[in-house]
Amino acid sequence: DKDSRLPHPSEVAVLVEDGVVTLRGTVGSFGQRLAAVRDARKVPGVDYVDDQIEVRFLDPDTRSDAEVQGFALQALASDPDVPAELIHVKVTDGVVTLSGEVSYQFQSDAAYNDVADVFGVIGITNDIRVVNL
Numbered sequence: 712d713k714d715s716r717l718p719h720p721s722e723v724a725v726l727v728e729d730g731v732v733t734l735r736g737t738v739g740s741f742g743q744r745l746a747a748v749r750d751a752r753k754v755p756g757v758d759y760v761d762d763q764i765e766v767r768f769l770d771p772d773t774r775s776d777a778e779v780q781g782f783a784l785q786a787l788a789s790d791p792d793v794p795a796e797l798i799h800v801k802v803t804d805g806v807v808t809l810s811g812e813v814s815y816q817f818q819s820d821a822a823y824n825d826v827a828d829v830f831g832v833i834g835i836t837n838d839i840r841v842v843n844l
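Position one of the sequence shown corresponds to residue 712 (this note's numbering), numbered consecutively onward.
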């Protein structure tokens with residue numbers, strides 16, 4: 712099945728050896744990179760995915776870090792599964808760092824997924840801690 716999140720799957724090379732899948736190539740967004748890795752992990756017999764995919768924006772009008780931060784905050788605030796008021800967002804050169812504390816793992820995962828779809832994001836560091844609040 713073709714993954715609609717990957718409009719140009721031929722731009723990702725896939726090498727398989729002893730249960731290890733290596734992904735190489737270039738995609739146009741972090742969300743596309745994440746989709747390729749998730750698709751590879753779903754394949755039966757895959758033990759590990761070595762993600763060597765690079766994100767390069769095809770649009771010359773990329774967003775500034777401040778714009779990416781603003782859109783990331785909006786994405787978090789619009790998700791009812793995410794306690795946005797407990798999550799801090801920092802952006803440096805397109806890499807988003809999420810921090811803060813939430814009560815459940817699904818909240819941290821939802822925050823990560825929300826930010827992955829923001830145009831201008833090239834990477835995410837998820838430092839959100841799951842604690843009993």
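Quick caveat, the hints were computed from the structure, so don't treat them as lab data.
Treat each hint with caution, since some may be false.
[Said to hold, decoys possible] Okay, the calculated beta carbon distance ranges per label pair:
no. : residue 1 : residue 2 : range
1   : D804      : E722      : 18 to 26 Å
2   : R767      : K801      : 33 to 41 Å
3   : G736      : Y815      : 32 to 40 Å
4   : V841      : D804      : 38 to 46 Å
5   : N837      : D761      : 35 to 43 Å
6   : R735      : G781      : 19 to 27 Å
7   : D790      : V748      : 33 to 41 Å
8   : D761      : D804      : 22 to 30 Å
9   : A788      : D762      : 36 to 44 Å
10  : D776      : V727      : 35 to 43 Å
For glycine and all other residues, C-beta sits at the position ideal for the given N, C-alpha and C.
How the hints compare with the structure:
no.: 1; hint: D804 with E722: 18 to 26 Å; in the structure: 23 Å, holds
no.: 2; hint: R767 with K801: 33 to 41 Å; in the structure: 22 Å, violated
no.: 3; hint: G736 with Y815: 32 to 40 Å; in the structure: 34 Å, holds
no.: 4; hint: V841 with D804: 38 to 46 Å; in the structure: 27 Å, violated
no.: 5; hint: N837 with D761: 35 to 43 Å; in the structure: 19 Å, violated
no.: 6; hint: R735 with G781: 19 to 27 Å; in the structure: 32 Å, violated
no.: 7; hint: D790 with V748: 33 to 41 Å; in the structure: 21 Å, violated
no.: 8; hint: D761 with D804: 22 to 30 Å; in the structure: 23 Å, holds
no.: 9; hint: A788 with D762: 36 to 44 Å; in the structure: 29 Å, violated
no.: 10; hint: D776 with V727: 35 to 43 Å; in the structure: 37 Å, holds
Violated hints, listed in ascending order, are 2, 4, 5, 6, 7 and 9; each of the other numbered hints is respected by the structure.
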